[in-house]
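J.: Keeping their order, the protein sequence lines are chains F and D.
Following the numbering used here, the numbering of the first sequence begins with 197 at its first residue and continues without gaps.
Following the numbering used here, the numbering of the second sequence begins with 110 at its first residue and continues without gaps.
Note that these hints are calculated values from the structure, not bench results.
There are no misleading hints in this set.
Here chain F is said to cover these stretches of chain D; the calculated rule only asks that three of the stretch's residues, wherever they fall, bring their Cβ under 8 Å from a Cβ of chain F:
{"no.": "1", "segment": "113-119"}
{"no.": "2", "segment": "123-133"}
{"no.": "3", "segment": "153-160"}
Only a predicted model underlies this, so the values are computations on that prediction, with no experimental measurement involved.
Built from N, CA and C at the ideal position, the CB exists for glycine as well.
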Amino acid sequence: MNPEKVLFGFFIVLALTLNFGFFVGDLDNPDHHHVYELFAVIVVNLVATVLKFGDRTQMGAVLLATSLVALLQLFAAALVWTVAEQITTIGLTPVVTASIVSLSGGAMLANVVSVVLLVIETVMLRR
Amino acid sequence: MQNIIFLIFRRMRAPLLALILTYAIAVLGLVLIPGQDADGNPWRMDFFHAFYFVSFMASTIGFGEIPFEFTNAQRLWVTFSIFFTVVVWLYSIGTLLTLFQDPTFQRALTERRFTGQIKRIREKFYLICGYGETGSALIQALTDRDQHAVAIDILQDRVNLLKLENLRQYVPALCADARMPIHLMEAGLKHALCSGVVALTDSNDANLKVAITAKLLHPDIKVICRADSHDIEANMASFGTDYIIDPFDTFAVHLATALQAPCLNLLQEWLTGREESELRDPIYPPSDGLWVICGFGRFGKAVYDQLRKEGLELVIVEAEPEKTGLPKEHCVAGRGTEAETLQEADIQRAVGLIAGTDHDANNLSIIMTARKLNPDLFVIMRQNRQDNDAIIEALHADMVMHPSAIVANRIRVLLGTPMLHEFLQLVLYQDDEWACELVSRIAALVTSHAPDIWEVELSEETTHAICQSVLEGKAVRLRDVVTDPRNRSKLLQCIPLMMLRNNERVLLPEMDEMLHQNDRILFCGSHSAANRMEWTLQNEHALSYILTGEARPQGLLWRWLKRKERA
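With these hints in hand, go ahead and build the complete structure from the sequences.
T.: Here it is, written out as structure tokens:
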């Protein structure tokens, strides 16, 4: 058992599950999407990304890429949220909520790809 | 080197993870702990403000409690989090900065940048290994002729020196061991435009390694090597190194030429001199009488062999004869710096002295002592280090043998003006009178400085006007090219030295020689002559003036008027 793989597997799956938790619910209903969950998703995704730094394998490079995509989407979602609440003060209207949630949905897709790659790598490993 | 970059990124993991986790904990705490706004209403900090607060708290900037004053519960949390966030911040940033300054990482980055520069080269270039005295002289000479070079040296100091040098072309340089094939490849050994490799390091082994690497990885390029021992020379020649330059043998041959044919020697020297160097007078080494050679090392042996062929009487003075071995002839043990040894070697009767040890101070001392005993000696001094230039000049030796300068000069001629190299080879078969006549012709052309040497290839690109005229069937003779385009009754201050046509070489071609396309001609002459010749070669009007003697109307209108006039 490789502790590095365990740790990375843990974080990437956790990122996916948390993201799913944030994503489910009505797309434009702010009550269904809590800010704490988004925070947790961002932190866990950050950790998962950093864990892939300096990985020389082809798989490592692709996983780093998917994690970076997820991060980009999540940062965009957080930025939209901050701008809506703090800067323009229009609040979480259905339009804003929908765009935040769909951005996180995109990030979730990237997380799914990461997990699928992880599973493929595990299956390919014959030891 | 790719490994280093991955390694650095891998080492960045721990500090980055620590940073993310501490920030997350501090932010989360601030968001969860209830606070109050200015009017005492319950208020929760949001993620935006929490992140903002933690960012300036951790970096110890500290803008104060925002947006509202904190409650005691919040202050308790902030008290804790100050300690762990600040410590982790310092640790992480410190570690990251150290990682970026890591010498191996920096080196990897430099090498990457260098490789990128080499890949972007779009012109022919020479790869020069070793930027010592020889290398710097060579690079200076090449860039002066608008040729490109890439340098490798094992010492960072020398690479830095190159960057300070004021060269006409940018010369990418890398501090690396040229013995490693990987570094030669980084420096463009396999680049399609790499047209030659020059190995000039102080170590014979390194030069050998460079030569064999170059011959294996890029077989069809020129490989030029410096070698100080016959062993290594034979080794290099065995796998087809194109030119092997031994400074000692080169000088010995030079000396032999000077003994037999002083004009020939002078001609060689004038033509191969740097453009700004002053022309020296001919030297006449005494060709009969006794010669004393001090030092029987590589240089001593090379000179000994040549002088023996000339049938001169020789005496060797050597301090460690058991190490160097001694010839059959008369020899004296000793350094030659003391009067007794020199007297034993019959210095009063001698006509020439060669101070050829590998120690400059000893050589100087030998010459000073010997001159006291016999002021009329012809003195040859071996110079080992360039920084001794000033004292050696003050000595006024008749000839100075400076290995670096000799090698640099040979390679400069080889790479800069390959036709001149061929010319000098052919000249060796001519007699001294022929050379004397040519020397006096050259002396009439130029003032006190060495003449310019230039090659003209009659191709469409470099000589548009000539090629057009030849294609039109007009007869263009060599005389036309050397005519002054400003006044056709005068000739330019230059001499055509050699003409090359279909692998046939003609020394000093006749002025009535007809020119054909793809002929190559080597000229020597004044700098202004080279510039003016360019006019004749490229400008149709200048050429037609020379050929016909009349200035053709250049514009459409004038041409039309002229035609009317004729009609």
